[in-house]
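In order, the protein sequence lines correspond to chains A, B, C, D, E, F, G, H, I and J. Using the UniProt record's numbering, the letters of the first sequence map in sequence onto residues 1 to 153. Using the UniProt record's numbering, the letters of the second sequence map in sequence onto residues 1 to 153. Using the UniProt record's numbering, the letters of the third sequence map in sequence onto residues 1 to 153. Using the UniProt record's numbering, the letters of the fourth sequence map in sequence onto residues 1 to 153. Using the UniProt record's numbering, the letters of the fifth sequence map in sequence onto residues 1 to 153. Using the UniProt record's numbering, the letters of the sixth sequence map in sequence onto residues 1 to 153. Using the UniProt record's numbering, the letters of the seventh sequence map in sequence onto residues 1 to 153. Using the UniProt record's numbering, the letters of the eighth sequence map in sequence onto residues 1 to 153. Using the UniProt record's numbering, the letters of the ninth sequence map in sequence onto residues 1 to 153. Using the UniProt record's numbering, the letters of the tenth sequence map in sequence onto residues 1 to 153.
FYI, nobody ran anything at the bench for these hints, they're computed from the structure. Keep in mind that the hints are not guaranteed to be accurate.
[What the hints assert, rightly or not] Taking lysine-lysine pairs in the DSS-like style, the calculated list, with each CA pair at most 27 Å apart, reads: (1) 126(E) with 126(F); (2) 27(H) with 63(H); (3) 126(A) with 63(B); (4) 63(C) with 38(C); (5) 27(H) with 126(G); (6) 126(D) with 126(C); (7) 126(I) with 126(J).
[Stated by the list, open to error] Quick look at which bits of chain H chain J covers, simulated, 3 or more residues with Cβ under 8 Å: (8) 6-20; (9) 52-60.
[As the list claims (entries may be wrong)] Okay, the calculated beta carbon distance ranges per label pair: (10) 26(I) with 136(F): 28 to 36 Å; (11) 69(D) with 26(F): 26 to 34 Å; (12) 13(G) with 27(J): 55 to 63 Å; (13) 150(J) with 134(E): 48 to 56 Å.
Because the structure is a prediction, the values reported are computed rather than measured. From the three backbone atoms N, C-alpha and C, an ideal C-beta is built for every residue, glycine too.
If you want the building blocks of each chain, they are given just below.
Protein chains: 10
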Amino acid sequence: MADGNREALNKDLAGRIVDTARIRAGKTWAELAEAIDKPLVWTTAALLGKHPLTAEDASAIGKALDLDDDVVESLQLQPYRLADQELATDPTIYRFHEALGVYGPALKALIHEEFGDGIMSAINFKVDFDRREDPDGDRVVITLDGKFLDYRW
Amino acid sequence: MADGNREALNKDLAGRIVDTARIRAGKTWAELAEAIDKPLVWTTAALLGKHPLTAEDASAIGKALDLDDDVVESLQLQPYRLADQELATDPTIYRFHEALGVYGPALKALIHEEFGDGIMSAINFKVDFDRREDPDGDRVVITLDGKFLDYRW
Amino acid sequence: MADGNREALNKDLAGRIVDTARIRAGKTWAELAEAIDKPLVWTTAALLGKHPLTAEDASAIGKALDLDDDVVESLQLQPYRLADQELATDPTIYRFHEALGVYGPALKALIHEEFGDGIMSAINFKVDFDRREDPDGDRVVITLDGKFLDYRW
Amino acid sequence: MADGNREALNKDLAGRIVDTARIRAGKTWAELAEAIDKPLVWTTAALLGKHPLTAEDASAIGKALDLDDDVVESLQLQPYRLADQELATDPTIYRFHEALGVYGPALKALIHEEFGDGIMSAINFKVDFDRREDPDGDRVVITLDGKFLDYRW
Amino acid sequence: MADGNREALNKDLAGRIVDTARIRAGKTWAELAEAIDKPLVWTTAALLGKHPLTAEDASAIGKALDLDDDVVESLQLQPYRLADQELATDPTIYRFHEALGVYGPALKALIHEEFGDGIMSAINFKVDFDRREDPDGDRVVITLDGKFLDYRW
Amino acid sequence: MADGNREALNKDLAGRIVDTARIRAGKTWAELAEAIDKPLVWTTAALLGKHPLTAEDASAIGKALDLDDDVVESLQLQPYRLADQELATDPTIYRFHEALGVYGPALKALIHEEFGDGIMSAINFKVDFDRREDPDGDRVVITLDGKFLDYRW
Amino acid sequence: MADGNREALNKDLAGRIVDTARIRAGKTWAELAEAIDKPLVWTTAALLGKHPLTAEDASAIGKALDLDDDVVESLQLQPYRLADQELATDPTIYRFHEALGVYGPALKALIHEEFGDGIMSAINFKVDFDRREDPDGDRVVITLDGKFLDYRW
Amino acid sequence: MADGNREALNKDLAGRIVDTARIRAGKTWAELAEAIDKPLVWTTAALLGKHPLTAEDASAIGKALDLDDDVVESLQLQPYRLADQELATDPTIYRFHEALGVYGPALKALIHEEFGDGIMSAINFKVDFDRREDPDGDRVVITLDGKFLDYRW
Amino acid sequence: MADGNREALNKDLAGRIVDTARIRAGKTWAELAEAIDKPLVWTTAALLGKHPLTAEDASAIGKALDLDDDVVESLQLQPYRLADQELATDPTIYRFHEALGVYGPALKALIHEEFGDGIMSAINFKVDFDRREDPDGDRVVITLDGKFLDYRW
Amino acid sequence: MADGNREALNKDLAGRIVDTARIRAGKTWAELAEAIDKPLVWTTAALLGKHPLTAEDASAIGKALDLDDDVVESLQLQPYRLADQELATDPTIYRFHEALGVYGPALKALIHEEFGDGIMSAINFKVDFDRREDPDGDRVVITLDGKFLDYRW
């Protein structure tokens, strides 16, 4: 049978297909997150290829966006989460990296002062995204919330 | 006079001297922030060389830590805020960059959905650092709060 | 339906298609800018994939150049604005980067002297392009005009 | 004599010494430019090591800032004008490079449309720096003005 | 005959096809290792393209997963074992490289102290993979076991 | 007092001083590990600058090797654990990275199969070093033992 | 019409098609240069994609080599002249870069001594290629001839 | 004796010392070339550290510029001729590399057409430097003259 | 005719096609070298795309392996011999580069001591490959034999 | 005692000191190799810092060249054998790397054909250096002789 020589759809490509279908269907990321009852940032990242979905959630997204089966399959695959150096130059993403350049050493110093020698986990970790109204211009508010892991032998 | 041939103390070196003096004096970053009545993350970043201090604040820190005059002078200088690729490999700092690799495209997508085409400013921007107790292990909570800037011609 | 497995046309490719169609149609960038009543540099950048167009403007360009629907769709998408290191070696573009190598530190020093600690925004920012006649050879005159943003916590 | 084994003072170091002396003397870049009757951006770049000064100008700056003789000598030397990749990550300088990433291809296209195949010279070239008041926040205005050079065999 | 112009299937692609077929068939890596009676880590690496299989083993895998002939052929080819810098940024793989950054110099020092000047072979070398239950959370246990090779002229 | 202008001794330099003193004193790493009753690999890594020592342990090492006070101080400092790309080319260390190139994707696949989506922690992590006699040449046996961390929102 | 969705043929590809057609037709570069009455090095560079041809010249080449219309169109397009780092490792091309490594600083020093502060233009610039017979082995003689441009504000 | 622990003066440093002494003595490169009766470009390159001088020539230069003995010694040492990527960004030197980017593939094609498969030697190789008067601005004329070496097994 | 728009087959691809055909035909590299009466290493390198073959030799290989005409054509083309950084990480190839890291400076020193200032040519150069039996394990013996070229102006 | 704060002399520096002393003493590498009765290439590499010497050999070299004790100590230390990318651009060393670019894939293919899947060891490995007279110009002959290691689990 023909499947013996076909690799699964790449998750990056699946992510772009999802995004295209989402735009054509006039749906927001928030609506998709609601459809599978998952947090907003997690859902967006997962649909862009950074987390695997359960079969049930992938199927729900597939129905909502009228996706082909191999896209639905791809959404469930275990990702490679590669650091794309080129994406990091997009101005909207770059500002985060720049802020880490300015505040990274300070955050490291404060983690060590408050918690001891260790790290904030990026695995046991969640991210919230919010808008805060402000008369001087509304603000993007992003909260990183990760478990402290101490160097433990 | 001898000053005609001497450059000011490099701010990175000044930052390491401040850190050394702070440890020897048994002072926390929080105590230094309090001494100049500035936010914690800002103060830590500034003393590590990422922001200029006012003459008054620099002098207060100099007294608190018994610093030489050229360190106090250096703290007031305008910094180069260079992206140190090597520092980014420290595990405590790396986790932040890794998280941006995983969640960066999602944050970009959500900023555009919620605010339109633009960025979260890294200049009109502040960072909070917190500890949240959790029975499964306490958590590091970091809040990034920046003004939205739309692409405006 | 077949759309369930198709990603939108890449904006770089759309830009090259626009450029090809423009040349074949014998139209200048200025004529396209006029057709949508937008500034010249902005229009050229947007059509090359660096800014999203409104549906109305994309449609006007599509008619002017007889473009397919997926090109028109692509012009409206939110771009990734990636720093292409290789393009920066084209001699016409390289001269700008070289000039920044020579004058960048001076511009930084003057911004800080005149405005204080901060940056010239590249988001709230516009660019003008002009030709100035000169008996020793005409000159390219480019004006960068961006809002000053001070480091504000 | 001892000079047989001593290299001249490095121009980058000389630039940092000049900047330190300038700050300690409370002088602006504009005052130094006036002292040698040269344009502001040119003077700032030259004193930071990017252009050689005449003996007369170097000597005038030396007197104004009480510099040692080897600094005055260094200011007159022919520079290497190296592209410092790390400086390019300073946020104030980075915004210029980012803007070139966004508008560089458009500027290239417009130069070719208006002038033909060639470049804007970065040698026969000048830069102006201005502040424009604006109720929404003052603006940095930078004008690049270079001779067009056509590819000519 | 048409084969005169066709290159063999790339081993990386063959590896992705194997992985896709494995998932669709609901088989574990352990089951495939058992099918050819080879160690678990070796089999997984080989099927992902890092070691050549014998014709017999490739054929057994081909039957188990209903693979096309050119996939079966590709599994037997001699690999290029290239260091993929981008894969190294996947968080699951990155942790190993990070651990080498922290413990590499120590392991070098201990190899030299215990064995003399030389290396642990990565060719005469095997890897075991295990799960160890632990009330604080189960642990991944990986054993590297390589022949010591002394610098011998 | 003079300390107001002196940074602490760099931990890499302290590590080289410890190593030199150890060789001159004819002591093994194992003897130093025993002196502070810590595991062998941990102790070696820590003395080379990768982990902070307690004041008591640093002092014990200082006495054992007749170290100056600033070396003893440096051993207690919080490290930057930077990935030194150049050290990774040393043949003894390179073999580990090469092995990860060959077996990394397999280890990732097996971690996901056995544990689900997540990583082996490099923080809650230990390393053992052993020699196993073998008639074909003794073998280096290194065990990596880290807690599994699942992606948990 | 179908052209609404097709980009022009890439100039690098067009160059490889020209080269293939040239070899199949048994024509030398010199014969092609003669056919359009242009210098040898210029013609070769232009046909390989580094300079735009006039419509007339492109058409003449198209007839001489029986090229398709989109190749002829591509030859007339404005090029990106990108620095291909990989091509620079070809031994025949590498020797030129190596020679610049050895003699570049000397050429810079001599340009400044003879002409003052400035550059040899690479735009107002031509290259000749010659063979000189020599009993010790014939020699390649390449002449670079560019206008001096002084740094002029 | 003290020499048992001193390395020879680095040739790059020696080159900078020679250049400094040359400027202070008001001598041109041409005068130094004449002093040792060697070609101009060769002498300049050699004095900047790219070729070893004979003892006699080094001594003559040492007398002409009143150099210390260790500079004279350094001039005679065998050089490492390293490709300095940073120097290659100096505008005066960069133009040569840019020209190779544009004309390198053409020169390769012409060498192969005229001489067969091989290279122009960069070892059996000389460089001439000239000024040619031109009413449109004088020109820098540089001639590269190297023996053709064919790939010969 | 359709050839007006087709580039010749890439030599790397041709090399992979040759290798595939060779394996399928059960032929060794040595048999192919014998078929065209050329040295073993030269033939292998040439068939992998690193040297051009004569029409006669290409045709003989084409018959021996039943290759299509465009493969036979490709084997005769002049190659680009690019340094593939990624191939250099294959363990079998890496060991050679590592050995150069260890012995390169020594080989340079010995070439200069024995021959004077110059290089071993990599163009007038041949490589032999041999197996030497050894009771401790057979050995790979590779001989590099290149003409000495002295720096000659 | 003062040694408590001093690291051992770096082996690269020690290598440069040895080389300087060797030149001043008018000794060849061959004479030094003879003095310690070791092979020529091995001795040269070891004295340049790539292998540790025994105390006896280091002492013999120290006497032959009148070296200070810390140089003699440094010669005995275990080296880091780092790949110096910059040294690889020296023309004499570069030719070897270039030859590997051209012949590396062929050598890999031949090793696999003759020996099976594995590598030529760079540890159980030796290098000979020879001069072969040739009427067309003497030749450098370098023999690499390493044990074959097969991938063995």
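Verification of the hints:
no. : hint                           : verdict
1   : 126(E) with 126(F)             : holds (20 Å)
2   : 27(H) with 63(H)               : holds (13 Å)
3   : 126(A) with 63(B)              : violated (41 Å)
4   : 63(C) with 38(C)               : holds (17 Å)
5   : 27(H) with 126(G)              : violated (32 Å)
6   : 126(D) with 126(C)             : holds (20 Å)
7   : 126(I) with 126(J)             : holds (20 Å)
8   : 6-20                           : holds (count 3)
9   : 52-60                          : violated (count 0)
10  : 26(I) with 136(F): 28 to 36 Å  : holds (33 Å)
11  : 69(D) with 26(F): 26 to 34 Å   : violated (54 Å)
12  : 13(G) with 27(J): 55 to 63 Å   : holds (59 Å)
13  : 150(J) with 134(E): 48 to 56 Å : violated (37 Å)
Comparing the model with each earlier hint shows violations of hints 3, 5, 9, 11, 13; every other hint is respected.
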